[in-house]
Amino acid sequence: MTDLFKAIIMGIVEGLTEFLPVSSTGHLILTGHLLQFEGDTASTFKVVIQLGAILAVLVLYWKRFWGLVMSIPPNGLKRTGLNIFHVIIAMIPFLIAGFTIYGYMKEHLFGPTPVLVGLVAGGILMIAADRFGGTVKAETMDDITYKQALGIGLFQCLAVWPGFSRSGSTLSGGMLLGTSQKAAAEFTFIISVPLMFAASAYELYKSREFLTIDDIPLFVAGLATAFVVAMIAIVTFLGLVKRLRLSWFAYYRFALAVLFFIVLYL
Numbered sequence: 001m002t003d004l005f006k007a008i009i010m011g012i013v014e015g016l017t018e019f020l021p022v023s024s025t026g027h028l029i030l031t032g033h034l035l036q037f038e039g040d041t042a043s044t045f046k047v048v049i050q051l052g053a054i055l056a057v058l059v060l061y062w063k064r065f066w067g068l069v070m071s072i073p074p075n076g077l078k079r080t081g082l083n084i085f086h087v088i089i090a091m092i093p094f095l096i097a098g099f100t101i102y103g104y105m106k107e108h109l110f111g112p113t114p115v116l117v118g119l120v121a122g123g124i125l126m127i128a129a130d131r132f133g134g135t136v137k138a139e140t141m142d143d144i145t146y147k148q149a150l151g152i153g154l155f156q157c158l159a160v161w162p163g164f165s166r167s168g169s170t171l172s173g174g175m176l177l178g179t180s181q182k183a184a185a186e187f188t189f190i191i192s193v194p195l196m197f198a199a200s201a202y203e204l205y206k207s208r209e210f211l212t213i214d215d216i217p218l219f220v221a222g223l224a225t226a227f228v229v230a231m232i233a234i235v236t237f238l239g240l241v242k243r244l245r246l247s248w249f250a251y252y253r254f255a256l257a258v259l260f261f262i263v264l265y266l
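Going by the numbering used here, the sequence shown opens with residue 1, and the numbers climb by one from there.
Calculated directly from the structure, the hints in this document are not laboratory data. Check the hints yourself; a few may be wrong.
What the hints assert, rightly or not - Quick list of the computed label-pair ranges, beta carbon to beta carbon:
#1 Trp62 <-> Lys206: 27 to 33 Å
#2 Tyr252 <-> Ile101: 23 to 29 Å
#3 Lys63 <-> Gly111: 36 to 42 Å
#4 Lys147 <-> Leu259: 35 to 41 Å
Claimed, not checked - Derived BS3-like pairs: lysine-lysine, alpha-carbon spacing no greater than 30 Å straight-line:
#5 Lys206 <-> Lys182
#6 Lys182 <-> Lys63
#7 Lys137 <-> Lys242
#8 Lys147 <-> Lys137
#9 Lys63 <-> Lys242
#10 Lys182 <-> Lys242
#11 Lys137 <-> Lys63
#12 Lys63 <-> Lys6
#13 Lys206 <-> Lys106
#14 Lys106 <-> Lys6
#15 Lys206 <-> Lys6
#16 Lys206 <-> Lys137
#17 Lys242 <-> Lys147
Note that the Cβ used here is the ideal one computed from N, Cα and C, for glycine as well.
Model the full assembly from the supplied sequences, consistent with the hints where possible.
Next up, the structure:
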C-alpha cells in the first residue's frame with residue numbers, strides 16, 4: 001500500500017471522528033499503527049490533517065464564526081451572552097498545557113497502549129458526566145459563564161493524553177459544571193476551530209527541520225480528504241452529539257479498545 005493511499009485512509013478517519021467524542025487522535029494513531037504509517041513525518045501529518053476538518057467547519061459556518069469574532073462586549077468583560085472572551089478563556093489552559101507538556105506526551109504516549117488507556121479512561125469520565133452531571137444552569141451557549149468556560153478549558157487539558165478526546169473531555173466537563181449537553185456540545189464545536197489551527201501551526205513549525213517538499217502531496221491528499229469527509233460528517237453526525245447520551249459514545253470507546261487490544265496484543 002502506497003503512502004498516498006494511506007494518507008487518504010487517514011484523512012477519512014480524521015474527517016469521520018474529529019467532531020465526535022471518540023478521540024480522532026486516538027483513531028489516527030491506531031489506524032497508523034495498523035497501516036505501518038508511523039514516524040516523525042506521520043506524527044506531524046496526523047496533527048496537520050485536522051486542518052481539513054476545521055476548514056470544513058469554517059466553510060459551513062463562516063457567518064456564525066464571523067459574528068463571534070465581532071462579539072466584543074461594549075462593556076469589556078461584562079457578560080452579554082456568548083462572546084469572544086468565553087472562547088479565549090477556554091483556550092488558555094489548553095494552550096499552556098500544549099506548550100509545556102505536549103512535547104513529552106508526543107514523544108512518550110503517542111502509541112497504541114496509551115491510546116487504549118485514554119479511550120477507556122475518557123469513556124469512564126463520560127459515563128460519570130452522564131450520571132453525576134450537576135444541575136443544569138446553562139441551557140444554551142449564551143448562558144455559559146466565564147467560570148464555566150474556564151472549567152471547560154481545564155477539562156480540555158485532559159486531551160493532551162492521546163485517546164482521551166478533546167470533545168469528550170469538554171462535553172463531560174461542561175455537564176459536570178452545570179451546562180446542558182447541547183450547550184457543551186456547541187461550545188466544544190466553537191472552541192475547536194482556533195485551537196486546532198494553533199495546534200497544526202505549532203506542529204508544522206516544530207517539525208520544519210525534517211519535512212521536505214516531497215511530503216507536500218502526502219499532506220495535501222490527507223488534508224483534502226479530511227475536508228470532504230468532514231463536510232459530510234458534520235451535517236450527518238453533529239446532531240448525534242447533542243442528542244445521544246455520552247454513555248453511548250463511551251460504550252463505543254470501550255468496544256474499540258477491546259477490539260484493538262485483541263488485534264494488537266493477542
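Worksheet item: Which of the numbered hints above does this structure break?
Response: 5, 12, 16
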